[in-house]
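From first to last, the protein sequence lines are chains A and B. Going by full-length UniProt numbering, the first residue of the first sequence is number 1, and it counts up by one from there. Going by full-length UniProt numbering, the first residue of the second sequence is number 1, and it counts up by one from there.
Heads up, some of the hints might be wrong.
Incomplete in silico selection of chain A near chain B, CB under 8 Å [claimed, not checked]:
| # | residue |
| --- | --- |
| 1 | I10 |
| 2 | R12 |
| 3 | V14 |
| 4 | D15 |
| 5 | L20 |
| 6 | A24 |
| 7 | S41 |
| 8 | P43 |
| 9 | M47 |
| 10 | V51 |
| 11 | H112 |
| 12 | A115 |
Hint data in this document are derived by calculation from the structure and do not stem from the laboratory. Note that the Cβ used here is the ideal one computed from N, Cα and C, for glycine as well.
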Amino acid sequence: MDGDNPQIVISRVVDAPRELVYRAFTDPDHLAAWWGPIGNSIPREEMDFDVRPGGYQRWTEVFPAQPGLRVEVHIDLTDVADGELLDGVAHVTGQLPEGIEPHETRMRVEFHDEADGRTRLEIRQWLPGRVVGPADQGWNEAFSKLDTTLRNAHPVAVDIEV
Amino acid sequence: MSGSDQLSAVFSALADPTRRAILAELADRDATVTELTAPLPISMPAVSRHLKALERAGLISRTRSGKLRMSRIEAAPLREAAEWIERYRRFWDTSLTRLDAHLAAVQAVGRATDRTTHGPSTSDSPGKPHDKEN
């Protein structure tokens with residue numbers, strides 16, 4: 001997957017200092033408070049974090065409204081720079097929502113200082129190779145063109161950055 | 001074909017760079033096999049095989065007008081593929097909105113603690129800001 005363009009690119013400024021934002025991603029108590037889709041919760045006793053290059057972050061997401069779901073997320077951290085960068089491969093398994101199969105997805109989060117004590121998050125996500133195929137850069141080239149086609153073909157625009 | 005199988009067929013078809021090149025051509029205009037083969041370094045039978053794969057995935061339709069057999073791009077399955085990817089974007093958007101709220105709450109507690117203790121900011125202590133109120 002390395003070297004290929006990510007399928008998802010998100011840039012977002014949050015109103016908090018960089019150290020705190022980094023901690024929100026790397027401290028289990030923080031992460032459990034915000035991570036995941038609406039309605040989930042993350043049992044604290046099932047969280048296991050060892051944040052360093054070669055380390056990991058592991059947790060389970062449960063959904064009180066959907067008792068059958070139990071999403072297990074194991075991130076193998078490949079690259080970590082304290083306060084600046086998290087890069088790793090998330091292995092998503094467990095009892096997943098319908099339509100989502102167990103998969104691996106590389107995620108990279110960069111933390112940058114912005115003016116006035118704010119922080120800019122740069123998020124990249126690479127979708128699972130076995131689902132989107134051996135994604136080379138042609139995938140993205142194709143998608144940028146296809147995106148135009150989709151916009152023209154449907155009144156509802158699909159917002160994918162490539 | 002179930003939705004999931006259709007998606008697999010679409011992504012599988014898109015996994016080949018030649019097929020993506022063909023789709024990119026068809027995004028501009030309908031074309032015959034001859035027209036599609038011209039810019040590609042492969043034979044016409046090979047392009048025909050790729051067109052069959054794209055047709056199986058529902059990504060193109062083929063019609064005959066007179067002697068010409070035209071291929072046309074079909075956007076609907078592509079849209080489903082795009083929506084599949086879009087799920088991940090929605091995940092991030094939702095999570096980041098919650099992150100905003102969480103950071104605001106943590107900082108509010110940090111400021112309140114500063115005022116009451118006059119000590120150094122305790123916002124460095126790990127999470128669970130609400131515990132301090134108990």
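Now the hints, each set against the structure:
no.	hint	result
1	I10	5 Å, holds
2	R12	5 Å, holds
3	V14	6 Å, holds
4	D15	7 Å, holds
5	L20	6 Å, holds
6	A24	6 Å, holds
7	S41	12 Å, violated
8	P43	14 Å, violated
9	M47	11 Å, violated
10	V51	12 Å, violated
11	H112	15 Å, violated
12	A115	17 Å, violated
The structure shown violates the earlier hints numbered 7, 8, 9, 10, 11, 12.
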